[in-house]
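In order, the protein sequence lines correspond to chains A and B.
Sequential numbering of the first sequence, starting at 1, is according to full-length UniProt numbering.
Sequential numbering of the second sequence, starting at 1, is according to full-length UniProt numbering.
Just so you know, these hints were derived from the structure itself, not from any lab.
Among the clues, some could well be false.
The list cannot tell twin chains apart, which means a pair is met if one copy fits it or any two copies do.
Stated by the list, open to error - Straight-line Cα separation of at most 20 Å, DMTMM-like style, residue types lysine to aspartate or glutamate; simulated pairs:
| no. | residue 1 | residue 2 |
| --- | --- | --- |
| 1 | K226 | D99 |
| 2 | K348 | D36 |
| 3 | K260 | E70 |
| 4 | K226 | D252 |
| 5 | K226 | E256 |
| 6 | K348 | D42 |
Number of protein chains: 2
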Amino acid sequence: MRFNISKELLDQIQELIHQRNDKDLELLLNDLHYADIAEIFDEIAIEEAIYIFKILDSEITADILKELEEDVREKILHGLSPKEIAEELDELDTDDAADIIAELSQSKKAEVISELEDVEHAKDIVDLLRYDENTAGGLMGKELVKVNENWNVLTCVKEMRSQAEHVTRVHSIYVVDDDNRLKGRLSLKDLLTTSTKTPISEVYIKKVDFVRVDDSNVEVARIMQKYDLEAIPVVDELGRLVGRVTIDDIVDVIKEEADKDYQMAAGITQDVEAGDSVFELIKARLPWLLIGMVIEIVASFVLKDNESAFKQYSTLIIFVPLLSATAGNIGVQASAIVVQGLANGSLKEFSKNYFKKELVVAMISGITISLFLLSFHSIVYGQYHVGIAISISIIVVIMFAAMLGTVVPLFLHKNKIDPAIATGPFITTTNDVFGILLYFAIARLILGL
Amino acid sequence: MRFNISKELLDQIQELIHQRNDKDLELLLNDLHYADIAEIFDEIAIEEAIYIFKILDSEITADILKELEEDVREKILHGLSPKEIAEELDELDTDDAADIIAELSQSKKAEVISELEDVEHAKDIVDLLRYDENTAGGLMGKELVKVNENWNVLTCVKEMRSQAEHVTRVHSIYVVDDDNRLKGRLSLKDLLTTSTKTPISEVYIKKVDFVRVDDSNVEVARIMQKYDLEAIPVVDELGRLVGRVTIDDIVDVIKEEADKDYQMAAGITQDVEAGDSVFELIKARLPWLLIGMVIEIVASFVLKDNESAFKQYSTLIIFVPLLSATAGNIGVQASAIVVQGLANGSLKEFSKNYFKKELVVAMISGITISLFLLSFHSIVYGQYHVGIAISISIIVVIMFAAMLGTVVPLFLHKNKIDPAIATGPFITTTNDVFGILLYFAIARLILGL
Chain A
1 MRFNISKELL DQIQELIHQR NDKDLELLLN DLHYADIAEI FDEIAIEEAI YIFKILDSEI
61 TADILKELEE DVREKILHGL SPKEIAEELD ELDTDDAADI IAELSQSKKA EVISELEDVE
121 HAKDIVDLLR YDENTAGGLM GKELVKVNEN WNVLTCVKEM RSQAEHVTRV HSIYVVDDDN
181 RLKGRLSLKD LLTTSTKTPI SEVYIKKVDF VRVDDSNVEV ARIMQKYDLE AIPVVDELGR
241 LVGRVTIDDI VDVIKEEADK DYQMAAGITQ DVEAGDSVFE LIKARLPWLL IGMVIEIVAS
301 FVLKDNESAF KQYSTLIIFV PLLSATAGNI GVQASAIVVQ GLANGSLKEF SKNYFKKELV
361 VAMISGITIS LFLLSFHSIV YGQYHVGIAI SISIIVVIMF AAMLGTVVPL FLHKNKIDPA
421 IATGPFITTT NDVFGILLYF AIARLILGL
Chain B
1 MRFNISKELL DQIQELIHQR NDKDLELLLN DLHYADIAEI FDEIAIEEAI YIFKILDSEI
61 TADILKELEE DVREKILHGL SPKEIAEELD ELDTDDAADI IAELSQSKKA EVISELEDVE
121 HAKDIVDLLR YDENTAGGLM GKELVKVNEN WNVLTCVKEM RSQAEHVTRV HSIYVVDDDN
181 RLKGRLSLKD LLTTSTKTPI SEVYIKKVDF VRVDDSNVEV ARIMQKYDLE AIPVVDELGR
241 LVGRVTIDDI VDVIKEEADK DYQMAAGITQ DVEAGDSVFE LIKARLPWLL IGMVIEIVAS
301 FVLKDNESAF KQYSTLIIFV PLLSATAGNI GVQASAIVVQ GLANGSLKEF SKNYFKKELV
361 VAMISGITIS LFLLSFHSIV YGQYHVGIAI SISIIVVIMF AAMLGTVVPL FLHKNKIDPA
421 IATGPFITTT NDVFGILLYF AIARLILGL
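The following block holds chain A by itself, in its conformation from the complex:
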C-alpha cells in the first residue's frame, strides 16, 4: 500500500497522455487512490492534469479536487466550465464543496451554485458559505444522521438507513426534538447491541458534547482533543442542530496552529511553502527582516554612544555578538515555553511561581556562561577586571532577557495578540537593544568609565 511517485510512473502517464491513449490511462489511474493522483498532479504540467481530470469519473475527480494544493486547484478550476465544476461539487460533502466554492471569484461562485443539481445539497452549501472559516460553522458539514426523540427504534433504523446513504462516516446518531433542538445521541455501538423494539427515549444518552456555530476552530479542536471526540454536533443560538465537525477537519486545524507557531518563531508572517512564488515568499518574510533592521538601527546608536568605552577596552566590543546570541536564545526559550503553556492551557496568566522558576533557570544559565567566559577572557586577554565586568554584565543581560521573554508573550496574550510573535525575530532584536544598553551601562559602572 506504500505509494511513491516514481519517475517511471510519471513517464508512463505522460506518454499515455501524449498518445491520447485514454483507455490505458484510465486503467492505470483507476488503480490509484485519489490522494495519490492529487500528488501526481503536483508533478505534471497543468494541461496534463486537466487532460487526466476530464477523462476520469467525476466521482474520483471530485475527491482529487478536494485533496489538491490550493494553487493547483485554482488552475484546474480555471480550465473547467461552471457546469463542470458543479458536477464535481455534487459529489463532495457539503463542507468540502463549500470550501472550494469559497475560493472562486464572486461571479463564478453564483454561476456554479446555480448549476448544482441536487437542490438540498445546494441549499446546505450556500448555508455553509455564511460562516467565517475560522469558526465551528466554517468547519462543519451538513452530513449527519439524526433521529427524532419521539420515534421508536424501528422507525429510527429505517430513517437512518436512508440518511446514512449520504453520509460518508456515521459517527454518532444525534437525537433532536420536533424543533430540531439537540437533545442527545445514540451510539452506533448501542445500536448494534440493542434490540430493535426499544423506544428511542429509553436508549438515547442525554449527555452530549456540542459546540456553537460561532465558536472558534481552535476552541473546537481543543474540546475534541480533550474529550477524545471523533465528531461533535454544532448548534445555533437556539440550540438547533445545524451540522457536525469531524476529527479529520480538526487534524488540519491542529497542524495549522502548530505550524503557525513554528513559522512565527522563524519570522514568517503567513503560511508560505517551498512551492510559492518569489513574490509571496518576499511578502511573508521581508516585513520581519525590516522590523529587525529598524530595531537594530537603534542598537547601532547604542554602540556608537559607547564607542569611547570599547576604544579603551577592546574586548568589550568583541563579545557583543556572544551577548546578543545568548540573550536572544534565552529570551526565545523562555517565550516558547510560555507560548506552549498558553496553547495547552497549563499556563493561563502571569504566574509568580513560574516567573521565579524562570529567573532561577536564567541565573544558573547566566552564571555558568559567565564563568566559562571569565576563564576564557582571563586566559586569552588577561585584564581580570574587564573579564569580571563583562561576566557580571552578561548575567544581568541574560536575566533581563529571560524576564522579557516570559512577560512579553503573556502581555500579548492578555491583549488578544498571538503570543507566538514573541518567539520570532521581534524578541531577539528587542533583546539586542536592551541587552547592549545594559551591558555597557554595567560594564562602565564596574570599570569606572
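Guided by the hints, dock chain B onto chain A, whose structure is given.
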C-alpha cells in the same frame, strides 16, 4: 458544556475532602467528565488527588489516569498497590494500559501484570509492551472487530455484536482468512444498508490500507492523514492482523511532531513545559546556550582580528548587531521553509529550482535592506564610501545566510538527522561567525584596508 475550573469549585472539593464527606464529593464529581477531573488533579495537592481517586469507581478513575500528565500519574500510581493499579488497567483499552505499564519500574511492572484479572486482556497488553513506542506497534490497540471471510453476514453480525462489547469505537470491520491474514474490510455503513442474507465474500472490500508493526509513528500519521483514515489495521511480517491504530492516537503524534519542530526552532532540546522543574528546564536549555556561546567565541576572534578596520571606520562595528540579526533571521526563514517542505513532502531533496528562488528572495531582501541602510548611513554619518562598503557586504552576507539556511537542513535530512535543528540557535550563531568574517573581508576590500 464549556468547563472551566473555578476557584469556587476547587474550594468546594477541598472542603469536602477536608470534611471526609465522601457522599457529596462523589455526587459532585460524578457530574464531571473524566478529562475535567484530570484537570482538577493538576490544581490540587497529590494527597487530595489520591483521596478522590480512592473513592471514585475504577471505571472513571481508569479514564482519569489515562488523561493525567505523566508526572501527576506517576505520583498517584506510587500511592496505589499493584492490585489497585491492575484494577484500573483492567478497565482501559490495551494500548492505554500498555502505555501506563511501560511507565512503571521493572519490578512493579511484573507485579501489576500478574494481578490483571482478564487473562486475554493481560496477554494483549504484554504483547503490546514488546513494541517500540515510536512505531505502529507502539501506537496500536488490540481492540478491533474482525470477521472471517468464510462466514455469512448472519454469523458475522452475531460475532460482531459480542466483539463490539469490548471495543469503544467500531470504525471498520476487518476481514481475515483462517490464518488471521488481513484480506479486506467491511464498512459499518455497508452493514447498515445491506441485507443480512448476503455472504461476506460478496460484500467485503478487498482494497484495504494497512501499516506494518514496525512502521514509524510519523509514517502512520502521514498515511492516515493523506488517505483521511480514522483507523488503520496493523499487520505483522506475515500479513497477519495484530491491531489497529485510531485517529486520536495520531492526533497526538501530529501535535508532538509539530511541537518538536517549534521547540527546536526555539533552542530547547526536549519536551519541557512550564510545569517542569528547574533542573529539567536547565537540562533542556543550557546545552543550546553553551553551543551558542562556543560558536560566538569564534566570532569574538573574528572581531578581534578586524579591530584595526573598525578603529579606523567606527560605523563598521556599530552595524554588526544589525548584520547578525538580519543574517540570522533570513537563515532561519530559509531553513524553516525547507524543514516544513521536508515534513509535508513537497520537498524531497536538493532542488535547483527552489535554491534559485531562495537566492532571488535573498537578493531582493538584501538589496532592499542595504538601500535603507545606505540612505541612513549617508544621512547620519556621511562617509558614502563606508556606507557603500557596509551595504555591499550586507547583501553578500544575507545571500550567504540564505544559502546556508537552505542547504544545512537538506544536508541534515540526508544524513538522517532532524533538519529542524537547523532552525534553532545553531544556524543563527554559525551565521554570525561566517557573516562577520565575510562582512569585514568585503568591507576591507572595498575600503582598501
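* **K348 and D36: within-copy, between-copy, both or neither at 20 Å Cα** => between (42 Å within a copy, 16 Å between copies)
* To do: At 20 Å max between alpha carbons, let me know whether K226 reaches E256 within a copy, between copies, both or neither.
  => both (18 Å within a copy, 15 Å between copies)
* Within, between, both or neither, where K348 and D42 count as close if Cα-Cα is 20 Å or less -> between (42 Å within a copy, 13 Å between copies)
* Intra- versus inter-subunit Cα pairing at 20 Å for K260 with E70 -> within (18 Å within a copy, 27 Å between copies)
* **Up to 20 Å CA-CA - D99 versus K226, copy category** => Between copies only: 18 Å across, 26 Å inside.
* K226 and D252: within-copy, between-copy, both or neither at 20 Å Cα -> The answer is both: 16 Å in one copy and 11 Å across copies each meet 20 Å.
Violated hints are absent here; each numbered hint is respected by the structure.
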